[in-house]
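Number of protein chains: 4
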Amino acid sequence: MPAVMTAEELSRFMKEVFAQVADDFAVDEVGEGTLTMRLLTQDRHLRPGGTISGPSMFALADVSAYLATLAMIGPQALAVTTNCSIDFMRKPKAGVDLVAEARLLKLGKQLSVTDVMLYSSGMAEPVARATLTYAIPPRKAA
Amino acid sequence: MPAVMTAEELSRFMKEVFAQVADDFAVDEVGEGTLTMRLLTQDRHLRPGGTISGPSMFALADVSAYLATLAMIGPQALAVTTNCSIDFMRKPKAGVDLVAEARLLKLGKQLSVTDVMLYSSGMAEPVARATLTYAIPPRKAA
Amino acid sequence: MPAVMTAEELSRFMKEVFAQVADDFAVDEVGEGTLTMRLLTQDRHLRPGGTISGPSMFALADVSAYLATLAMIGPQALAVTTNCSIDFMRKPKAGVDLVAEARLLKLGKQLSVTDVMLYSSGMAEPVARATLTYAIPPRKAA
Amino acid sequence: MPAVMTAEELSRFMKEVFAQVADDFAVDEVGEGTLTMRLLTQDRHLRPGGTISGPSMFALADVSAYLATLAMIGPQALAVTTNCSIDFMRKPKAGVDLVAEARLLKLGKQLSVTDVMLYSSGMAEPVARATLTYAIPPRKAA
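If you read the sequences in order, they're chains A, B, C and D.
In terms of the UniProt record's numbering, the first sequence has 17 at position 17, counting the first letter as 1, and numbering is strictly consecutive.
In terms of the UniProt record's numbering, the second sequence has 51 at position 51, counting the first letter as 1, and numbering is strictly consecutive.
In terms of the UniProt record's numbering, the third sequence has 79 at position 79, counting the first letter as 1, and numbering is strictly consecutive.
In terms of the UniProt record's numbering, the fourth sequence has 22 at position 22, counting the first letter as 1, and numbering is strictly consecutive.
One chain only, chain A, in its complex shape (with noise of 0.2 Å):
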């Protein structure tokens, strides 16, 4: 099933409707159920020492898993998360983005669920997992 919105489509549609933290994220890349994109680190999502905070790791597999999802079923502001299991493997890299690569496994009529995993871009190793369950609202007949 190939994606119905582009990475720009959903760049767009992250500005309008999260106003106020999609200035924090860019899309590079979607593909079928697969969506890569990075946190633009700033001084508000740092710890001392430079690593990337566990609520702003948070944040960005939260934000891939939502837009993985929109991907495929097009703009659905009301999707909202029910679950997240998260692992916090290694420390972020400073000084580095930090990328997500989340990864649909499940689109159903009400829940779909995205594994994520968080890289320091250049790092081989994962710093983190997650795996999301977003429920869909009902879809408006046409």
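These aren't lab readings, by the way, just hints derived from the structure by calculation.
Note that the coordinates shown come from a computational prediction; the quantities given were computed from them, not determined experimentally.
Glycine residues also receive a C-beta, built at the ideal position from the N, C-alpha and C atoms.
One or more of the hints may lead you astray.
[Claimed, not checked] Quick partial rundown of chain C residues pointing at chain D, CB under 10 Å, derived from the structure:
| # | residue |
| --- | --- |
| 1 | Ala19 |
| 2 | Gln20 |
| 3 | Val21 |
| 4 | Asp23 |
| 5 | Gly33 |
| 6 | Leu46 |
| 7 | Pro48 |
| 8 | Ser53 |
| 9 | Gly54 |
| 10 | Ala59 |
| 11 | Ile73 |
| 12 | Ala77 |
| 13 | Thr81 |
| 14 | Asn83 |
| 15 | Cys84 |
| 16 | Asp87 |
[What the hints assert, rightly or not] Here are the simulated distance ranges between beta carbons:
| # | chain 1 | residue 1 | chain 2 | residue 2 | range |
| --- | --- | --- | --- | --- | --- |
| 17 | A | Arg90 | C | Pro2 | 30 to 38 Å |
| 18 | A | Val4 | D | Ala26 | 37 to 45 Å |
| 19 | A | Arg90 | B | Arg12 | 46 to 54 Å |
| 20 | C | Arg103 | D | Glu125 | 30 to 38 Å |
| 21 | A | Val17 | D | Lys109 | 39 to 47 Å |
| 22 | D | Gly49 | B | Gln76 | 50 to 58 Å |
Starting from the structure of chain A, add chains B, C and D where the hints point.
Just chains B, C and D now, with coordinates in the frame of chain A:
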């Protein structure tokens, strides 16, 4: 096992080590393995419609598990979250504080496990629940 | 909201739909959104040393969340687990029952969320904790 | 880092330490941080309709993460699961094997983190996914 840090000491410690976010939170009460604290909601924690964002709920759950652990073992800036599972169950109420009730389920030598319930102030039913595991660095010999 | 099924009715229903495992479990008590039940430990639930296996603990947590949901909505054989997070915190005591205390945190139209604490009978500290999400099939109109 | 145990050695080790369940499983293949194994489905793993039970899926995910860890560190009967999050996404197909593909994401001194995808043999889409954390006991000095 009684707590070894008071609510005031935990607040002071938070300000020292996480200066950037400490003003977002207030510690209300510390008991034996329990801690109550709140998010002092500001515009940057909100989503359109006035509801609190997922990352802000995660941040409150995370810091409450951290402080519930430190309350029992003393100041250990280096404890790090290794795992979190969180269920978002209801929309937080706009315009009221978000309150975390944290309860330490296990305090081992290497790990703590904490359950957290999040409530919108004045609502009986929880907005979200989370369980967090912290890795505790080896204690230095005295 | 009071329960609509008693402990006896839940036991009978379990025997009808899960004949293969129903004899492993006994329902002790049903309250408003709460349920207590136990694993009737047999050799096949054990690991060397007499401790209860992880899959047996998972099975007890899973069935207790299922029955806690059914207690509130009536017999729905088709409810299915969609997500579980479980923390194994202490070794279960050999030779005693494993008890589950389930508490329904959310009962929506499509999903229930239940917290479960597992105890070795007679121990104050929990052996494990779990949170389970069940997908509830659409109710048939009367 | 290459594996230090082969599929045959892992099978033999499993038979020694978990005699009660070892006949339920077969190890297919071991790579660098990866392991493929299957549940040899028997009646006691099934639910009415021929589908595989949740606890049986959990058991396969759990043992595959355990063996993926041991493949890299050698036989350590005492490694224990501390956390599992599992998403059940599709009904397993009746009458075919359930296959686990495990991938070690982190191998630290104290913890391993493993991702597991479960497939019904011959289906392209996963039946379930899980992430498991194992606590590794301190290695004895040689």
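Structure-based check of all given hints:
1. Nearest Cβ of chain D to the Cβ of Ala19(C): about 8 Å, under the 10 Å cut. The hint holds.
2. Because the closest C-beta pair between Gln20(C) and chain D is about 7 Å apart, less than 10 Å, the hint holds.
3. For Val21(C), the interface hint holds, the least distance from its beta-carbon to any beta-carbon of chain D being 8 Å, beneath 10 Å.
4. Because the closest C-beta pair between Asp23(C) and chain D is about 12 Å apart, greater than 10 Å, the hint is violated.
5. Because the smallest distance between the Cβ of Gly33(C) and any Cβ of chain D comes to about 22 Å, over 10 Å, the interface hint for this residue is violated.
6. Contact between Leu46(C) and chain D, as hinted, is supported at the beta carbon level, the nearest pair being about 7 Å apart and thus within 10 Å.
7. The beta carbon of Pro48(C) is positioned within 10 Å of a beta carbon in chain D (closest approach about 7 Å), and the interface hint is therefore held.
8. With a least beta-carbon distance of about 8 Å to chain D, the hint placing Ser53(C) at the interface is held under the 10 Å criterion.
9. For Gly54(C), the suggested interface contact is upheld, since its CB lies about 5 Å from the closest CB of chain D, less than 10 Å.
10. Checking Ala59(C) against chain D: minimum C-beta separation of about 4 Å stays under 10 Å; hint holds.
11. With a cut of 10 Å, the hint placing Ile73(C) at the interface with chain D is violated, because the nearest CB-to-CB distance is about 19 Å.
12. With a cut of 10 Å, the hint placing Ala77(C) at the interface with chain D holds, because the nearest CB-to-CB distance is about 8 Å.
13. Contact between Thr81(C) and chain D, as hinted, is supported at the beta carbon level, the nearest pair being about 5 Å apart and thus within 10 Å.
14. Hint status for Asn83(C) relative to chain D: holds, with the closest Cβ pair at about 5 Å, below 10 Å.
15. Using the Cβ-Cβ criterion of 10 Å, the hint placing Cys84(C) at the interface with chain D is satisfied: the shortest such distance is roughly 5 Å.
16. Residue-level restraint check for Asp87(C) holds (minimum Cβ-Cβ distance to chain D is 5 Å; threshold 10 Å).
17. As the Cβ distance of Arg90(A) to Pro2(C) is approximately 49 Å, the hint placing it in 30 to 38 Å is violated.
18. Roughly 42 Å separates the CB atoms of Val4(A) and Ala26(D), a value that falls within the hinted 37 to 45 Å.
19. Separation of Arg90(A) from Arg12(B) is about 30 Å and departs from the stated range, judged on CB atoms against 46 to 54 Å.
20. Checked against the hint of 30 to 38 Å, the pair Arg103(C) and Glu125(D) passes, with Cβ atoms roughly 33 Å apart.
21. Between Val17(A) and Lys109(D) the beta carbon distance is about 44 Å. The supplied range of 39 to 47 Å therefore holds.
22. A beta carbon spacing of about 51 Å between Gly49(D) and Gln76(B) agrees with the range 50 to 58 Å that was offered as a hint.
Of the hints listed earlier, those the structure fails to meet are numbers 4, 5, 11, 17, 19, in rising order.
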